[in-house]
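Novice: One letter stands for each residue in the lines below.
Protein chains: 2
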Amino acid sequence: MGELIGSLAAVLTTCAFFPQVLKCVKTKSAEDLSAAWLLMMGFGIFLWVVYGLWIASFPILLSNIVIFVCLIVLMYYKFGMAR
Amino acid sequence: MGELIGSLAAVLTTCAFFPQVLKCVKTKSAEDLSAAWLLMMGFGIFLWVVYGLWIASFPILLSNIVIFVCLIVLMYYKFGMAR
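Protein chains in written order, with the working numbering: chain A, 5 to 87; chain B, 5 to 87.
The hints are simulated quantities; they were obtained by calculation from the structure and are not laboratory data. Wrong hints could be hidden among the right ones.
What follows is a set of in silico ranges between Cβ atoms, one per label pair, in the way DEER data are often shown [what the hints assert, rightly or not]: (1) A:S11 with B:I69: 17 to 25 Å; (2) B:L8 with A:K32: 23 to 31 Å; (3) A:K32 with B:L26: 23 to 31 Å; (4) B:V70 with A:A39: 31 to 39 Å; (5) B:S61 with A:F22: 37 to 45 Å; (6) B:L66 with A:K32: 19 to 27 Å.
A short, non-exhaustive set of chain A residues, derived as facing chain B with CB atoms under 10 Å [said to hold, decoys possible]: (7) A14; (8) F47; (9) P63; (10) G84.
Covered stretches of chain B, going by a simulated chain A footprint (3 or more residues, C-beta under 8 Å) [claimed, not checked]: (11) 5-17; (12) 28-38; (13) 55-67.
Yeah, the Cβ is synthetic: ideal placement off N, Cα and C, and Gly gets one too.
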């Protein structure tokens, strides 16, 4: 039961980034996203990927690689390369 | 070393939400935040809190309670109660 709750939590907090990416792609706007949030999340999630490799945890690795890719797309919109 | 990387990752992905909350409070705008992202994150992080209680992990509990409170503030701005 505990593992089920944890897995559902991980799936939700990972997949949550999909609609955010879609929204930014559609509106071509990331004005209200904080640059500091994006950079801290980017570095933090990168460290989660390293941690996932370190402890050889496939779920941590997969979930954080997916979030990292989403953050890269959001950064693309935030830092103006799309304009 | 692995635990240090994981702890730094947790601190970063938690504290990342502070500048995002500050930005929304200052600009009173959360237009570019995806409603689906907020709701899925809200429910997912809530489940992380339950998981933290379940496995009695203080770091998971603390980190996710902090993020949950930040998300509540972001929802307040997103869903128009501030206007």
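Novice: Hint by hint, say whether it matches the structure.
Specialist: Going down the list of hints, with the structure as the test:
1. Taking 17 to 25 Å as the suggested C-beta distance range, the pair S11 (chain A) and I69 (chain B) conforms, at roughly 20 Å.
2. For L8 (chain B) paired with K32 (chain A), a C-beta distance near 39 Å fails the hint of 23 to 31 Å.
3. A beta carbon spacing of about 24 Å between K32 (chain A) and L26 (chain B) agrees with the range 23 to 31 Å that was offered as a hint.
4. The hinted window of 31 to 39 Å between V70 (chain B) and A39 (chain A) is violated, with their beta carbons roughly 20 Å apart.
5. At roughly 27 Å, the beta-carbon separation of S61 (chain B) and F22 (chain A) lies outside the given 37 to 45 Å, and the hint is violated.
6. Taking the beta carbon of each, L66 (chain B) and K32 (chain A) are about 37 Å apart, not inside 19 to 27 Å as hinted.
7. A least Cβ separation of about 8 Å between A14 (chain A) and chain B falls short of the 10 Å threshold, and the interface hint therefore holds.
8. With a least beta-carbon distance of about 6 Å to chain B, the hint placing F47 (chain A) at the interface is held under the 10 Å criterion.
9. Interface restraint check: P63 (chain A) against chain B, minimum CB-CB distance 13 Å, threshold 10 Å, status violated.
10. The interface hint given for G84 (chain A) is violated, since its Cβ lies 14 Å from the closest Cβ of chain B, which is over the 10 Å cut-off.
11. Counting residues of the region 5-17 of chain B whose CB falls under 8 Å from any CB of chain A gives 10; the rule of at least 3 is met.
12. With 8 residues having a Cβ less than 8 Å from any Cβ of chain A, the region 28-38 of chain B passes the three-residue criterion, so the hint holds.
13. Interface restraint, the region 55-67 of chain B with chain A: holds (3 residues with C-beta to C-beta distance below 8 Å; minimum three).
Checked against the numbered hints listed earlier, the structure breaks hints 2, 4, 5, 6, 9 and 10; every other hint is satisfied.
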